[in-house]
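S.K.: Work out the full structure, taking the sequences as your base and the hints as a guide.
Residue numbers (this note's numbering), protein chains in the order written: chain A, 1 to 174; chain R, 1001 to 1761.
Please note that a few of the clues may not be correct.
Claimed, not checked - SDA-like, lysine to any residue: derived pairs with alpha carbons at most 20 Å apart:
1. A:Lys130 - R:Ser1002
2. R:Lys1530 - A:Glu67
3. A:Lys134 - R:Leu1294
4. A:Lys130 - R:Ser1287
5. R:Lys1499 - R:Ser1284
6. A:Lys110 - R:Ile1478
7. A:Lys110 - R:Arg1159
8. A:Lys130 - R:Thr1684
9. A:Lys110 - R:Pro1475
These aren't lab readings, by the way, just hints derived from the structure by calculation.
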Amino acid sequence: METKELTAIQQIAEINYITPENSSFKLTKNGFVVAKIGNAEDFSRVFLSRAFPHDLPDEFISVSDSEQNELGIIRSVGDFDDESAKIIKAELERKYFSAKILKIVNVEEKFGNSTWTVETPQGMRVMSLKDTFKSIIRIGEDRAVVIDEDANRYEIESLSKLDKASFRRIELYL
Amino acid sequence: MSKTDNLRNNIRESRNKRRARLFDALKERIGENEILFKFNYNLDSENRTRLGVLAVTKEYIFSCHEAEDNEEKSPAVLTAYKIKDYKSFVARRNVGSVSLEGIGEDENDSVELCRSDMSLANLIIDASRSLNSMLDNLDDPDFKVTFSPDTRVCPKCHRPFKKGMTVCYYCADTGSMFKRLLKMVKKEIPMLLVAFSFFGLLSFVKVINPVLQKKMVDEYITITEPKDNLLLGLVVISFSIFLLQAFYKVIEIVRTNMLTRVSTSFMKKLRSEVFEKIQLMSVSSISKRTAGELIHRVTSDTSGIANFFVTYLPQFVENALIIVILGVAMFFYDWKLALLIMVPAPIIMMVVRKVWRFTHRLYHRQWYMESDSNTVLHDVFQGIRVVKVFGMEKKEIKRYDKAIKKVAEISEKNEITWALIVPYMNYLIGIGNYIVLAYVGNKILGNTMTLGDMSMFTFFTGQIYYAFDWLSRLPRHIISVLTSTRKVFEIMDEEIDVKDSEEAMEHDIEGNVEFKDVSFGYDEAEDVLKKISFSVKKGEMIGIVGRSGVGKSTLINLVMRLYDVRDGQILVDGIDVKSLSQHSLRSQIGVVLQETFLFSGTIYDNLSYADPEATREEIIKAAKMAGAHKFIMKLPDGYNTKVGERGHTLSGGERQRIAIARAILRDPKILILDEATSALDTETERLIQDSIASLIKDRTTFAIAHRLSTLRNATRLIVLDKGKIAETGTHEELMKKEGIYHSLVLAQRKMSSMSSSENGE
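M.R.: Next comes the structure, spelled out in C-alpha cells:
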C-alpha cells in the first residue's frame, strides 16, 4: 500500500522537464510561440511563466497550454539551442514588462500618495504611487521593483549604482 | 502647478497630438461615422513604446500605430483585420502589460491586435468583451455593440479615476479638505469659538502677569529709598498676581473641559460615519483593504483629525495671539527692542524648521527600521510552532540580529547628529534673550531701563520665541492630519458598487431562483463564471460540484448578492436580485460556511445573532437540532461560555454546529451550505446529517461539498467546469453519464479506499 501511495505522490510531485530532446519551439507567422512537446503530434500554442522571476529569470520556466494546464518546466533556457532559446527569451520579455529606472528626477509626496518623475530608456515617465512604502518591493539588498497605482512595473536594477541625488529622493522609503 | 504636473501635462499633450495625427491617418482609410468604437494603446508587441489607435467598424478592426517612438512625424502603420476571421478575442493579462488577441481557427491565424501598459488595461479588456459580443451576434443586423469603459479622469490633473473613486486625492487641496472637516464639526463650532475666546483671555493674562511682576521689582524690591505703605503695596501686588494665576487656572480648566467635550463628540461622530460607510461597502471594496488598514482608518486617523481640531488648532490660535498681543505690548514699551526681537524671529525659526525637517527625516527612517524589526518579532512569535518544528531558532536569531543591528546603526547615527544639532538649536531659539540682555543691560547701565523691564522683556521674548518655534512645527502636524483626512475621505467618498436601487423592494421570498446568462469575474480580464443559466424550484436542493477554483463559492456569493453580476441576471421568484433590498434578500438567506466566525461574546450571544428575538427555549432547541447542545452542556459555563478572541476555544466541528444552529434559528427561505460539514469527522458528520436533513427540508438549498457523498440526496447536481455548466442531473444520472462527476466520484472512492486500507479497516 505504502509503495502505491508513494508512487501516487511521486507522480504528483514529479517535474516534467521540457528539454531540447523532447520538445521543439517555433513561432507562428504572427509571432506567437508554438511548441511540440513529448508525444504531441502537432505544434500548439504555449504560454511561458517564470517560477522565480526576480532571481532566476531564465530558469524554471513553466510551459502551459491555452487552458492553463502545465505541460512541463524548462530547467534552463540555456540548455536549448540558440534559435529556441531566442524564441523563449523573447516570449518571456514580452510577458514580463517593466521599465528600467535610470534616474529619479523628482518625488513629490502629498497626503500619503507620491508622484515620481523617473528617467527610463523609453524617456521620462511620471508615475503615481498610492501607498509609497507598499509599492516598493525590495529584491535582495540592491534591487527594487516599484509598482504604480495602475499596476505598471518599474525596476531599479541596482540601488547602489543610482546617482546620489536619485537615491536620496527615495532613501526614506527603502 | 508643480514641476511634476507640468511634465505630466506636457507628456499628455504631446501624446494627444500624436494620437490625433494617427486618427487622421485612420480617417483617410475609413469614414469617421463607420467607427463603432475606438481606443488608444501605447506598446508594440515587443513592449516598445508605440502610440496607436484601434478602431472597430461593423466588419473590420483597424489598428494604426506609429512606426517609431517619440517621432513627431513618424509614419503611421495601418493594419486591418476582418472580425469574422476570428473565433474569439482575448484580453491577455501579462505582467505589466495587457494585449488584445484575435484567436483564429488555426494557430497561424491568431494575431495580437494591440498591446498596452496597465494604465490602458481597462480599455483592452472592455474591447475584448465588445468584440466577442459582436462575434456572438454576427447574424443579427440590428445588433448594437456597447463599449463603455470607465474613462473618467480628474479634470485638474487628468489622472484616470480608479473603480469606486469619485474624487481625485492627488488634487484635493488643503483648503477644501479643511472646509469639509469644518462642515462635519459644524455643531461644535459655537463651543469651539467660546473655547478659542478663552485663549484670548489667557494670552491677555500672560501679558498682565509680567507687567505686575515688573511693577513689583521696580517699585517694591529694588527701591533704595523707604516708601509709604510698602508692605500693603507688596501684598496687593502679590495678591493680584495670585488672583490672576487662579483666574488663569480656572479659565484653563473650563477651556480644557469644553475642548474635551468637543473632541469626544467630534471623534464619535467621525468614527461612526466611517464605520457606517465601511458597513455599507461591498465585500469586494472591503477586501481591497486589510483589516488592519480599516481599523487604522476608524481609530487612529479619526482620532488624529479630532486631535488636530481640539489641540493643534486651539494652540495655533493661542500662539498666534501671543505673538500679536506680546508683540504689540513690546512695541508699546520700546519699539526698537520690539523690532530687534521680532524681525529676526521668523528667519531664525525658518532655519530651525529646516533643521527639524532634516532630523524628522532621520527619525522617520529609524522608525521604519524599528517597525521592520518588530515585524520579525511578530512573525516569529505568531509562527513559533513552525519555527520550533523546523528547528529554525538559530536562523530566526540571526534574522532578528540583522534587523536590530540596522536599527542600532541608524539610531547611533541619529543620536550623534542630534547631540551635535541640539546645542546650536537651543542657541538659535534663545538668541532673543541674548539680544534682550545686551540691549536692556546697556539701558540699565545708562539708567534708562530698570531690572523690572529686563524681567518683563525676557519673559515676553521667551514667550514669543516659543510661539514662533511652535508655529514652525505646525506644517508637520497639518500634513499628518491631511494625510489622515485624505484616507478617511477616500473611504467616505468611495462609490458603493453593490447598492440598493431607489425602488428596492421588500419581498417575502418563496425560494425560486433563476440564473440567466450570468457572467462574473473578480478580475476584469477574466470571467470566473461564463454565461451560467439554470433554474431552481422552491424547496429543491442543488449540489454544486467541480474542481477547486472553478467558481462554486462565487456562484453562491452571487445568490447572496455579495457581488453584482457582470452580465445576465439572477432572479428570485422572478424578481431581479438587484431590485430587492439587500437586507430583505439576505435576511431570508441562511448560510453555513466552511469557516465559522464566532464574535467575542457568549455562545448564547453567538446563537442569538441569527435571531435576536429568539427565546431561550428556541435557542436550546436549535442547538439540540444542530448537535451542539451536548458539548455546550459539558462546558462549565454552558450557554454563557465566552468564546471568540478572548474566550474559550471551540474546535472546528463545534463551531460548525453553532453555525448550523444559527441557520436553524434564522429559518431561511434559501439555505446555503458551503462545505458546511467539511470540518467534521465522518462520525460527527453522520450524527448531524439528520439535523442538516431537517434544516434543508422545504427550503431551496445550494450546497457545496468536497465530500461528494454528502450531496447524494440533492435534487439536482450542477457540475461546473472552466466557468461553465458542464453537466446537470441527479447523482444516478450523472454516474451513468460517466463524465466529469463520474470521474470525481471514482477518484474520491479510490482515495477513501486507500486511506481505509492504510488504517487497516
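S.K.: Okay, which hints does this one fail, numbers in order?
M.R.: Of the numbered hints, just 8 does not hold.
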